[in-house]
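Student: Residue numbers (this note's numbering), protein chains in the order written: chain H, 34 to 308; chain X, 89 to 264.
Treat the hints as calculated values from the structure; they're not laboratory data.
Since this is a predicted model, take the numbers as computed values, not measurements.
Among these hints, one or two may not hold up.
Claimed, not checked - Each computed DSBU-like pair below joins lysine-lysine, with the alpha-carbon atoms no more than 35 Å apart:
id	chain 1	residue 1	chain 2	residue 2
1	X	K151	X	K220
2	X	K204	H	K108
3	X	K151	H	K112
4	X	K220	H	K228
5	X	K204	X	K220
6	H	K108	H	K82
7	X	K204	X	K168
8	H	K213	X	K220
9	H	K213	H	K82
10	H	K222	H	K108
11	H	K82	H	K112
12	H	K82	H	K228
13	X	K204	X	K151
14	X	K168	X	K220
15	X	K204	H	K222
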Amino acid sequence: MLLVATSLQAQTTQPAANETMAAEANVTKATKTTKTLGEAAPKAAPAGKLIVTVKSVTGNVEKRAAGETTWQPVKAGDKLDEFTILRTGFRSSAELVFADRGTTLVKSITKMGIAKFAKENGVVRQRLRLKYGSMRMSVDSSRGTIDAQVATPVATLSVRGSEAVIAYSGDRGLGLRGRKGTWRVAAGKRTTDVKPGESTNSDLASSSELANMERSLQMGDAYGMTSSEIQPFSTNRRSVFGINLSTGSGSGQIGTTPSEALPDVVKPPQGIIPL
Amino acid sequence: MLLLAVAMLAGCASGSLNPAIDSPAVELPGEESSAAFLDRASEMSAVSENDAFRGILLLTDGKDPAESFSQRVSVLLERKVVSDNWTFHGDRPITRGKLAYMIYQSIDMPGGLILKLTGPSQRYCLRELQYKGFFAGQTTYYGNVSGMEYLATINRADEYLATGSVPSVLSTKQGR
Chain H
34 MLLVATSLQA
44 QTTQPAANET
54 MAAEANVTKA
64 TKTTKTLGEA
74 APKAAPAGKL
84 IVTVKSVTGN
94 VEKRAAGETT
104 WQPVKAGDKL
114 DEFTILRTGF
124 RSSAELVFAD
134 RGTTLVKSIT
144 KMGIAKFAKE
154 NGVVRQRLRL
164 KYGSMRMSVD
174 SSRGTIDAQV
184 ATPVATLSVR
194 GSEAVIAYSG
204 DRGLGLRGRK
214 GTWRVAAGKR
224 TTDVKPGEST
234 NSDLASSSEL
244 ANMERSLQMG
254 DAYGMTSSEI
264 QPFSTNRRSV
274 FGINLSTGSG
284 SGQIGTTPSE
294 ALPDVVKPPQ
304 GIIPL
Chain X
89 MLLLAVAMLA
99 GCASGSLNPA
109 IDSPAVELPG
119 EESSAAFLDR
129 ASEMSAVSEN
139 DAFRGILLLT
149 DGKDPAESFS
159 QRVSVLLERK
169 VVSDNWTFHG
179 DRPITRGKLA
189 YMIYQSIDMP
199 GGLILKLTGP
209 SQRYCLRELQ
219 YKGFFAGQTT
229 YYGNVSGMEY
239 LATINRADEY
249 LATGSVPSVL
259 STKQGR
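Turn these sequences into a full structure, and let the hints guide you.
Tutor: Below is the structure:
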């Protein structure tokens, strides 16, 4: 299922059904970088479209743009379009600057895609997709309304001005830790709000429940895995926001082209999505 | 008496100098970047020993210097990341216990009493890593490892090597 987290800082109402998806993230300083791009004002983009710039790269980071079949190394200063997919290797990271609306630090062993990043009707909308790995996302609403969403295989996170660390692992599912603002997490029909310092997982457990889970760790037994543990281990081929991130051999596919209309509303599927 | 018994049991675990190695039908793509390898692994329903060994070498060295499965086995045997008690089949799915053993040996994690007395074993390496949040609980050491589970586990190992701990958002302790 898709996990959508939404920040509730700027607005309390949910986005209208016909709103297209785009958002920016505020810049978050990377802890370690080998190549950095000096601060530069984003140049003007075609109407609606906003620019995603790679501020810094560490280690092995690759990108595949819409319509391309090969992966290219990412370097500081690269401009990324919608439907670009990034993947990182061991001890690698890339810091992405979403115009003047924030940054996202894509951490190691991560694969994510930029489904949408544009300004429409005065609202900047950002839609990211996380297949595996983790990223630290910071959304800056000080310069205008932002509607940001991150989709994972189990839920969707949406935010309009906050910061959080988001992770998805094939065995444990979603991991979200709020740092600033409030994130709304939607998994199927269920939602929860994650405030600064709070965490949640695929089951939308509260921070206190997560603390109990850490204390009462279930170790292995002779009966093998439970059905809930087996379920995430199938293939991960979900298409979200028009991006199909299944790329076993690295070829992958883009579920839609920029000219195709994106779904107005992402309806999280019921139950657990086979990975 | 107890120490003598433990020492005897540990001594019984010595393996062969020339473990059996069954090469895979198709070798892995050469000069594969770590990002490409991880992406390819994410699609696997069961990770093979050949791929698992490559991942361990990428984790520790940043590259896979071996050109064949046999070479990977030799490199890992030399480093004691794999045990000379094992048999090696390139196409066979890696088990959770073997993966735990390799990760435990690769990240130089201090273990508990049993591990210190008897040395690493698949069962107790898995239990130790379950306790530390690397592996999900309630799993057996002889089970296969899917690609996404492999990625998740080796991601925790990568974070552990970089920071000395596993972030809570990745740890299995707070998982489903």
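Student: Hint by hint, say whether it matches the structure.
Tutor: Each hint, compared with the structure:
Among the hinted pairs, K151(X) with K220(X) is consistent with the structure: their alpha-carbon atoms are about 26 Å apart, no more than 35 Å. Proximity of K204(X) to K108(H) is assessed by CA-CA distance (about 45 Å); at most 35 Å being required, the pair is judged violated. Straight-line distance between C-alpha atoms of K151(X) and K112(H) comes to about 28 Å, which keeps the hinted pair within the 35 Å bound. This hinted pair checks out: K220(X) and K228(H) have alpha carbons roughly 26 Å apart, not beyond 35 Å.
This hinted pair checks out: K204(X) and K220(X) have alpha carbons roughly 16 Å apart, not beyond 35 Å. Annotation: proposed proximity of K108(H) to K82(H) holds, straight-line Cα distance about 22 Å (limit 35 Å). Our distance criterion of 35 Å between C-alpha atoms is met by K204(X) and K168(X), whose separation comes to about 15 Å. Proximity of K213(H) to K220(X) is assessed by CA-CA distance (about 28 Å); at most 35 Å being required, the pair is judged to hold.
At roughly 27 Å between alpha-carbon atoms, K213(H) and K82(H) fall within 35 Å of each other, so this suggested pair holds. For the hint linking K222(H) to K108(H), the alpha-carbon distance of about 40 Å lies beyond 35 Å, and the restraint is violated. Between K82(H) and K112(H), the direct Cα distance comes to roughly 12 Å. Compliance with the 35 Å bound is thereby established for this hinted pair. Between K82(H) and K228(H) the alpha-carbon distance is near 30 Å, which keeps this suggested pair within the 35 Å criterion.
At most 35 Å may separate the alpha-carbon atoms for a hinted pair to count; K204(X) and K151(X) meet this at roughly 30 Å. Simply put, K168(X) and K220(X) have alpha-carbon atoms about 22 Å apart, close enough for the 35 Å limit, and the pair holds. For the hint pairing K204(X) with K222(H), the CA-to-CA distance comes to about 48 Å; that exceeds 35 Å, so the pair is violated.
Consistency with the previously given hints fails for numbers 2, 10, 15, ordered from lowest to highest.
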